[in-house]
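Visitor: Produce the complete structure using the sequences and hints provided.
Line by line, the protein sequences give chains G and S. For the first sequence, the numbering used here assigns the number 11 to the initial residue and increments by one for each residue that follows. For the second sequence, the numbering used here assigns the number 4 to the initial residue and increments by one for each residue that follows.
Take every hint as true, because none was put in to throw you off.
Think about it this way: if two alpha-carbon atoms lie no more than 30 Å apart in a straight line, the pair counts; the simulated DSSO-like pairs of lysine-lysine are:
hint: 1; chain 1: S; residue 1: Lys-110; chain 2: G; residue 2: Lys-174
hint: 2; chain 1: G; residue 1: Lys-174; chain 2: S; residue 2: Lys-45
hint: 3; chain 1: G; residue 1: Lys-61; chain 2: G; residue 2: Lys-93
hint: 4; chain 1: G; residue 1: Lys-93; chain 2: G; residue 2: Lys-105
hint: 5; chain 1: G; residue 1: Lys-174; chain 2: S; residue 2: Lys-121
hint: 6; chain 1: S; residue 1: Lys-110; chain 2: S; residue 2: Lys-124
hint: 7; chain 1: S; residue 1: Lys-94; chain 2: S; residue 2: Lys-110
hint: 8; chain 1: S; residue 1: Lys-110; chain 2: G; residue 2: Lys-159
hint: 9; chain 1: S; residue 1: Lys-94; chain 2: G; residue 2: Lys-175
hint: 10; chain 1: G; residue 1: Lys-175; chain 2: S; residue 2: Lys-125
hint: 11; chain 1: S; residue 1: Lys-60; chain 2: G; residue 2: Lys-174
hint: 12; chain 1: G; residue 1: Lys-174; chain 2: S; residue 2: Lys-94
hint: 13; chain 1: G; residue 1: Lys-70; chain 2: G; residue 2: Lys-44
hint: 14; chain 1: G; residue 1: Lys-26; chain 2: G; residue 2: Lys-41
hint: 15; chain 1: S; residue 1: Lys-124; chain 2: G; residue 2: Lys-175
hint: 16; chain 1: S; residue 1: Lys-45; chain 2: S; residue 2: Lys-121
hint: 17; chain 1: S; residue 1: Lys-121; chain 2: G; residue 2: Lys-159
hint: 18; chain 1: G; residue 1: Lys-61; chain 2: G; residue 2: Lys-50
hint: 19; chain 1: G; residue 1: Lys-159; chain 2: S; residue 2: Lys-124
hint: 20; chain 1: G; residue 1: Lys-129; chain 2: G; residue 2: Lys-105
Please keep in mind that the hints were generated in silico from the structure rather than gathered at the bench.
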Amino acid sequence: MNSIIKSAKLSNTWLKNNAILVTAVRNHWNKDYKPGPYPKTEAERVAAADKYGLHPSEYKPYPDDGQGCGDYPNLPMVSGDSKDPFYPWDNPELKRNFNEPMHAEFDLIREDRYDVSAKLRYPLWVFWAQFLGVMFGTFALYSLLENVKMFHPAIPRQYPSPGKKHYTFERADE
Amino acid sequence: MGNSVTTYATGGFNLYFHPEITPSPLEEPTFDPLMGFENGRKERVMIATEEELRSAKIPLDERDYCAHHLLAYRSCRRDNWPWAAKCHHGKHAYLNCRYDDFVIRMKEYERERRLRVKQQKKAAEE
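Guide: In structure tokens:
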């Protein structure tokens with residue numbers, strides 16, 4: 011029994027020293043997820059473009075300002091909603107072709123998320139005009155007609171009280 | 004119906020632009036209630052007593068000349084629950100009373116308005 015525990019402890023230490031064997035399982039991450047360093051020379055640029063399956067003329071990395079993504083390509087922001095649904099995609103669910111590089115913000119611009127490249131039916135100012143027209147139009151109507159509200163043409167309800175007499179419209183002598 | 008549309012839609016404008024001939028729905032009549040009635044007017048009678056209303060916890064704003072109908076209707080509901088539909092007759096009587104009350108109030112309003120118009124005309128002639 012003791013020897014079994016000892017051997018388990020040994021294998022645990024061995025796994026700790028070779029983190030690469032457990033990282034992908036424990037942390038859902040592996041080294042291929044991380045982009046390489048920012049390409050500085052032309053040769054590095056061409057190598058990085060080739061790595062991501064892009065033509066060197068299409069390849070443009072994020073600016074290396076400390077917030078960049080290393081050599082990961084800065085792809086055009088095109089949401090899934092804006093992609094052609096009738097094109098024979100290799101992966102129609104994601105509207106994506108085989109080996110096509112994924113956008114760095116892929117989790118934001120999927121079809122079930124935000125449509126960053128939406129084509130509006132009318133220009134944006136039309137929508138703003140509609141919204142503000144309804145809001146301010148309603149407000150204007152309300153404030154203009156504030157003093158001329160409708161009412162029932164009737165006197166207030168009559169409650170019997172001492173010293174107060176109310177009458178019907180019938181003759182008293184009937 | 005056309006009359007009521009006109010009356011309701013123009014009421015607010017009349018009250019704002021001609022307050023001297025348009026009584027507000029919030030104010031009591033200002034003229035003598037017996038003026039112009041040669042044969043007098045029948046007085047409205049309160050049938051339910053203050054004690055009855057108080058013990059039945061009838062809300063203050065319901066203690067008008069129809070309160071005895073409301074009292075009867077509520078007691079009927081209480082006695083017959085859950086067969087409240089048995090009290091349809093009492094409910095009908097109560098709602099009819101409220102309707103007649105509203106008609107009286109509308110007539111009082113119209114009387115007040117016409118008397119004001121008359122008063123204005125008289126004042127203009129003098």
